[in-house]
Amino acid sequence: MRRWLLVLLLVVTSAAWQGVHAGEAKPLAADEVIEKRLVAISSELRCLVCQNESLAGSHAELANDLRREIRTLIRDGKNDAEIMDFMVSRYGDFVRYRPPLKGTTLLLWFGPALLFVCGLGALLLYLRRRNLVIRDTPLTVEEQRRADDLLQQQEPRQGQS
Amino acid sequence: MNRFLWPLIGFAVLVALLAVGLNLNPRDVPSPLVGKPAPAFALPRLDAPDREFSPKEMLGKVWLLNVWASWCVSCRQEHPVLVELAKRQTVPLVGLNYKEVRGDGAIDSDRLAPGTEQRMVVERAAGWLARHGNPYTLSVLDMDGRVGIDYGVYGVPETYVIDKTGIIRMKHTGPISPDIFSGKILPLLAELQK
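Line by line, the protein sequences are chains V and C. Going by this note's numbering, the first residue of the first sequence is number 1, and it counts up by one from there. Going by this note's numbering, the first residue of the second sequence is number 1, and it counts up by one from there.
I should point out that these hints are in silico values taken from the structure, not numbers from a laboratory. It cannot be assumed that every hint is accurate.
[Stated by the list, open to error] No farther apart than 30 Å at their CA atoms in a straight line, the calculated lysine-lysine pairs in the DSS-like style are these:
| hint | chain 1 | residue 1 | chain 2 | residue 2 |
| --- | --- | --- | --- | --- |
| 1 | V | LYS102 | V | LYS78 |
| 2 | C | LYS56 | V | LYS78 |
| 3 | C | LYS194 | C | LYS56 |
| 4 | C | LYS164 | C | LYS194 |
| 5 | V | LYS102 | C | LYS194 |
| 6 | V | LYS102 | C | LYS61 |
| 7 | C | LYS36 | V | LYS78 |
Only chain V is shown next, with the shape it has when bound in the complex (with noise of 0.2 Å):
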């Protein structure tokens, strides 16, 4: 019984939530082609506001305004390289979430991949060198003799229990 008041109660508010969005989503559907190429746009570009968000889904006020200027420039007839250099114009490299690659970007785009190769070689020469070591003490003839009288003695031990 309970599991369906619940079930209940999350269709109804899954069908209030819809009607909203439905009501939002209006001047969306105005012009598609527009709002497809609005929205690729935007998913490049960085809300500045709440930064870790983009521009197609940050409510921030900003990021109304500026898919609302990105709309009017589409409308104008701009592409979209055109349309990137205006908001990288105003708010710089960072505004893109894909920063060109350029002097200061450089460490940015490779840093990783150099950080990569290092760890790679300190593990390649951390083996060799672990290696050497491991071939340069082989038993002396003593601790040959003494490995082997424990293993004869452990083998009735094995056998006993």
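We have chain V already, so just place chain C on it with the hints.
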């Protein structure tokens, strides 16, 4: 000894990187506008909404453009610094009143008639300046935030230092602290005014 030295060095490097990285201000996004001409605009003035102000009028002067709004809490924090600046009369300070009504989430500006919005903007902005003191040589009204976008505004308050030829020489995001004012802005102004 050697066995512990390398992990220790690695740890020290990590600590150093984190110490620098975590102390950086993520809001401090370098503005691409520094070194570029201040974007042109023509906006109504707060003191006389039927007259417009344009940055062209300031050519030949070093001046500050400060983005503010009455709903902006941090603006209240930096306000005494601006009042102090105005008292010294070093440079003209132009206020860009940013989305006075639309930025205030409590009002649905789409339902306001254009004339109504401007009246509300003037009323609120002028009221705020009357209460807290007016450090601005003049303020202009950017009601829809369109000029703000041209200036790359993403958080109020923001301040721009503009030189005699109309080039932006510095942008500060966030409230101006007395330290930043006397340590960074005043020296830059003195240098630009030479």
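Now for the hints, and whether the structure bears them out:
1. V:LYS102 / V:LYS78: holds (25 Å)
2. C:LYS56 / V:LYS78: Holds - the C-alpha atoms of LYS78 of chain V and LYS56 of chain C are around 28 Å apart, at most 30 Å.
3. C:LYS194 / C:LYS56: Answer holds: LYS194 of chain C to LYS56 of chain C is near 20 Å, not above 30 Å.
4. C:LYS164 / C:LYS194: holds (10 Å)
5. V:LYS102 / C:LYS194: Answer violated: LYS102 of chain V to LYS194 of chain C is near 35 Å, above 30 Å.
6. V:LYS102 / C:LYS61: This hinted pair is violated, its Cα atoms lying about 35 Å apart.
7. C:LYS36 / V:LYS78: holds (23 Å)
In terms of the numbered hints stated before, the structure departs from hints 5 and 6, listed from lowest to highest.
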